[in-house]
Amino acid sequence: MSVVDIRKRDGLARTGFFAYRGEKKAFPNALDMLEAFPSLRERALSHVPLAVDPEFVRTWHRRGEEEPFSLHPLTVSDIPHGSCVMVPGWHTALANPSAYVDWLVALKEQVPPDTLWYAPAAALPGTAAILLYSGFDLFDFTGTDLKSAQNLFCTSEGIFPGEWLEKGLCGCEGCQEGDLRLHNRKALQQELALGSQFIAGGNLRELVEARCRMDAHQVAILRNLDTRFGFLEPRSPIVRSIPFLANSGDALSRVEVKRFAERVITRYRPPAADVALLLPCSARKPYSLSRSHRKFHAVVGRRAHELMITSPLGLVPRELEHLYPAAHYDVPVTGYWDREELHWVSSVLAEYLRRHSYRRIIAHLEGGALTAAEMAAEQCGVPLECTCTGPTGSKESLEALDRALKGERRVPETALIRGILSWQFDVEIDLRGMRLRSRGPEIYVMQDKEQLFSLSPDTGLFTPTFAGWRLLGEGYRVQIDRFIPKGDILAPGVVSADDRIREGDEVFVTGEGVRATGRAAMGAAEMLSSARGVAVRVRKVLKG
Amino acid sequence: MVFEEYEKPAACWAGIDSYKGQERKCLTIILRSGGCTWGSCLMCGYTHVRYGNRDPAFLDRKIRAQISWIKREFNLDDYSLVKIFTSGSFLDPQEVPPDTQQEVIRAFRGKVVILETRPEYVEEERVSILRETADTGMEEIPLYLAMGLETTHDFIREKSIRKGLTTSDFIGGAERAHRAGAGVKTYLLMKPPFLTEQEAIQDMITSAQEAWRWSDLISLNLCTVQSSTPVEWLWRNGAYRPPYLWSVLSVLSALDRPISCDPVGGGTPRGPHNCGACDPELVDGIRTYSLTGDHSLIDALLQVKCGCKEEWRYVLENEMSYSLPLTR
Chain P
1 MSVVDIRKRD GLARTGFFAY RGEKKAFPNA LDMLEAFPSL RERALSHVPL
51 AVDPEFVRTW HRRGEEEPFS LHPLTVSDIP HGSCVMVPGW HTALANPSAY
101 VDWLVALKEQ VPPDTLWYAP AAALPGTAAI LLYSGFDLFD FTGTDLKSAQ
151 NLFCTSEGIF PGEWLEKGLC GCEGCQEGDL RLHNRKALQQ ELALGSQFIA
201 GGNLRELVEA RCRMDAHQVA ILRNLDTRFG FLEPRSPIVR SIPFLANSGD
251 ALSRVEVKRF AERVITRYRP PAADVALLLP CSARKPYSLS RSHRKFHAVV
301 GRRAHELMIT SPLGLVPREL EHLYPAAHYD VPVTGYWDRE ELHWVSSVLA
351 EYLRRHSYRR IIAHLEGGAL TAAEMAAEQC GVPLECTCTG PTGSKESLEA
401 LDRALKGERR VPETALIRGI LSWQFDVEID LRGMRLRSRG PEIYVMQDKE
451 QLFSLSPDTG LFTPTFAGWR LLGEGYRVQI DRFIPKGDIL APGVVSADDR
501 IREGDEVFVT GEGVRATGRA AMGAAEMLSS ARGVAVRVRK VLKG
Chain R
545 MVFEEYEKPA ACWAGIDSYK GQERKCLTII LRSGGCTWGS CLMCGYTHVR
595 YGNRDPAFLD RKIRAQISWI KREFNLDDYS LVKIFTSGSF LDPQEVPPDT
645 QQEVIRAFRG KVVILETRPE YVEEERVSIL RETADTGMEE IPLYLAMGLE
695 TTHDFIREKS IRKGLTTSDF IGGAERAHRA GAGVKTYLLM KPPFLTEQEA
745 IQDMITSAQE AWRWSDLISL NLCTVQSSTP VEWLWRNGAY RPPYLWSVLS
795 VLSALDRPIS CDPVGGGTPR GPHNCGACDP ELVDGIRTYS LTGDHSLIDA
845 LLQVKCGCKE EWRYVLENEM SYSLPLTR
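So the sequence lines, in the order shown, correspond to chains P and R. 172 is the number that our numbering gives to position 172 of the first sequence; each next residue is one higher, with no gaps. 579 is the number that our numbering gives to position 35 of the second sequence; each next residue is one higher, with no gaps.
Please keep in mind that the hints were generated in silico from the structure rather than gathered at the bench. Just so you know, even glycine gets a beta-carbon here, dropped at the ideal spot from N, CA and C. Mixed in with the good hints there might be a few duds.
[As the list claims (entries may be wrong)] If you want a taste of the chain P side facing chain R, the calculated C-beta under 8 Å gives, among others:
no. : residue
1   : ARG43
2   : SER70
3   : HIS91
4   : ALA95
5   : PRO120
6   : ALA121
7   : ASP145
Throw the hints in and build the complete structure from the sequences for me.
So this is what it looks like as structure tokens:
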């Protein structure tokens with residue numbers, strides 16, 4: 001049996017190490033799989049295609065006695081933790097983007113996450129990124145060697161005539177020696193190495209969004225997968241501390257964008273405020289650090305509840321501006337908002353305004369953001385007051401804004417606490433006696449002289465202390481077996497976990513005679529279905 | 545009321561076939577019948593070639609009408625070999641009523657008549673009668689029963705063809721046919737779905753070598769993609785590729801005794817094909833070999849140079865059950 005040690009996750013993709021018959025190797029990787037798993041030679045006559053009726057699968061599919069175990073999306077096989085699995089015929093799935101996603105979801109849902117996934121004959125330099133993104137870890141050289149036999153030259157952009165070997169496109173050993181087979185293999189290894197770096201960096205999505213453009217099937221796979229929110233969301237980290245590049249229209253459908261908006265609408269509790277002030281976003285994040293927002297801040301002086309209208313996130317209340325991806329996204333600015341963006345942003349704002357009523361709604365906006373706000377106001381039948389006569393930062397506009405806010409009640413500073421806690425933990429707590437203290441970029445929530453929460457500047461999440469956790473109810477808890485944690489908590493030690501926990505979430509660990517605070521290293525479902533790996537990175541432990 | 549009814553059969557054409565080392569003018573007839581009772585084979589696109597009526601009197605009238613049409617359209621004296629297919633089993637009484645069977649045979653008396661049937665319909669007594677009907681003393685074996693053994697590998701026949709019979713069922717049918725004095729023509733099917741290119745080649749070599757034990761003639765059929773079949777669904781989903789012509793040549797080359805092979809649909813995406821460039825030459829060559837049995841022709845064809853040969857070699861060595869098909 002192999003041992004799978006997952007080190008980094010990025011959505012469905014992973015990096016790590018595995019050991020089989022004493023040999024330790026890194027993944028993702030392309031290997032001579034017949035050498036690594038000699039029993040693969042003993043699968044004669046075993047073919048069961050992906051696109052076939054369930055009866056055929058029931059009759060003829062065999063998992064196999066040795067790794068890699070064969071999977072089929074139409075049947076459930078008993079797969080032990082830590083084993084290597086493969087999806088026979090996956091190379092044919094790439095040409096069938098709709099079925100690809102159905103099959104992938106079915107497969108990923110039936111197999112324990114701490115397994116190693118082999119996609120036979122599927123990997124080429126041009127398909128590696130989408131395969132990694134789909135959660136495959138191991139590949140062979142069948143595809144690249146076949147292309148070499150067909151005299152075709154492979155790059156991450158696609159498949160080209162063999163003569164391209166001499167066009168100076170690549171400086172690899174194969175190209176230098178005029179060895180097409182070597183070049184194609186190296187190109188695959190290089191693409192997998194690049195993919196590994198992107199997985200480790202948490203930005204594989206950005207690589208895939210770039211790579212997929214040369215192949216309509218891959219774009220379709222990406223888009224079809226994005227529609228599986230219920231499948232992808234629990235497998236996506238709640239935070240990242242890297243830029244979120246919203247450089248394509250497809251970014252609008254990213255799970256992180258949908259989740260942020262969904263939580264703003266369903267979880268987030270705004271402060272008691274009479275006036276909502278709709279503001280534009282800024283290139284600099286968090287917005288407060290930008291020149292434009294410092295000007296707004298000076299004029300508004302907390303006399304309104306500030307809501308930023310922005311693409312692709314829709315709506316970012318001021319209290320949530322530190323959160324991922326609000327403080328991390330970057331979007332190409334042309335001044336033009338396309339209809340998809342207008343529709344998405346206005347529908348998020350409209351839904352928000354239906355749930356939360358204000359006495360006045362002031363739109364200090366121009367251009368597309370103003371259009372989106374007007375569309376939203378019309379959708380929910382509320383009047384908008386516009387304070388911009390020219391650019392939002394012009395003297396006239398700012399003076400108009402100042403006049404409009406004259407005499408309005410100030411929003412308390414503690415709105416930040418309510419805002420983040422509701423978005424993060426889905427709770428509403430009594431804020432009496434709480435105050436904010438900041439030291440540099442760090443913000444602390446204090447009650448009397450006790451610290452309750454601290455805001456993590458790179459993710460925007462609150463880190464609760466034990467005192468903080470006491471106020472948060474029963475959610476975001478991980479219950480462990482009877483042991484006193486020494487260091488991190490491993491998945492097999494987890495007895496139960498709140499199913500809302502995502503990788504990167506702050507969690508409270510409880511066990512017999514022990515409590516601990518920490519950060520989830522995997523989602524709740526993975527904690528409960530893994531036999532290996534760190535489930536919670538422990539911060540502090542309290543005995544008794 | 546006595547007036548003759550004519551009906552065009554599903555198909556009927558004249559050609560030349562090799563029989564016992566000599567070329568013969570041959571009439572191939574595909575009769576519309578009650579239709580194949582089994583009708584479950586994965587690649588068979590003929591299940592719709594049937595009357596929607598299995599009433600014996602109706603079938604008798606309709607099949608006689610087809611024979612009348614053939615007699616009117618062809619001068620039967622020109623042909624000494626007649627192959628009769630029903631897209632099913634000629635000997636299945638539900639497809640062709642027993643009296644009608646005899647009537648059809650009578651029309652081709654004195655020629656070598658080859659009837660296609662599944663082995664379960666081969667009854668010694670009935671076949672004896674039919675043989676007698678065909679026999680005028682002109683031919684040593686006036687009647688052959690052509691039966692689809694497809695492969696001698698029961699597992700492949702069950703999984704990849706869904707034929708619903710075993711090798712021993714076939715042997716039983718062949719023995720009954722021989723006891724009745726009929727010859728046995730055996731059909732083999734190369735590369736049904738779910739096989740690698742290499743598995744398909746091996747299967748045919750083994751099957752042909754074994755099948756001579758029960759066969760007087762062997763014909764190698766190459767799997768094609770026929771419309772509205774499970775195989776077509778697989779093919780559309782990239783899960784099936786018909787055999788390479790190189791593979792067909794490899795099989796023919798490996799056999800000591802010549803067998804016939806008509807590469808129907810050769811060189812098309814739905815039929816046995818290579819890259820497209822070398823296909824016409826190889827298809828023609830295989831047809832010629834079928835008539836002449838000239839083994840050196842096959843070896844010469846295998847030496848034809850084409851860029852796709854390297855791809856084919858790669859597929860032979862590297863295509864696995866879990867990675868098929870590697871090419872389209």
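Here is what the structure says about each hint:
1. ARG43: holds, 5 Å
2. SER70: holds, 7 Å
3. HIS91: holds, 6 Å
4. ALA95: Holds. Min distance 5 Å.
5. PRO120: Cβ of P/PRO120 sits 4 Å from chain R, so the hint holds.
6. ALA121: For P/ALA121, the interface hint holds, since the closest Cβ of chain R sits about 4 Å away, which is under 8 Å.
7. ASP145: holds, 7 Å
The earlier numbered hints are all upheld by this structure, with none contradicted.
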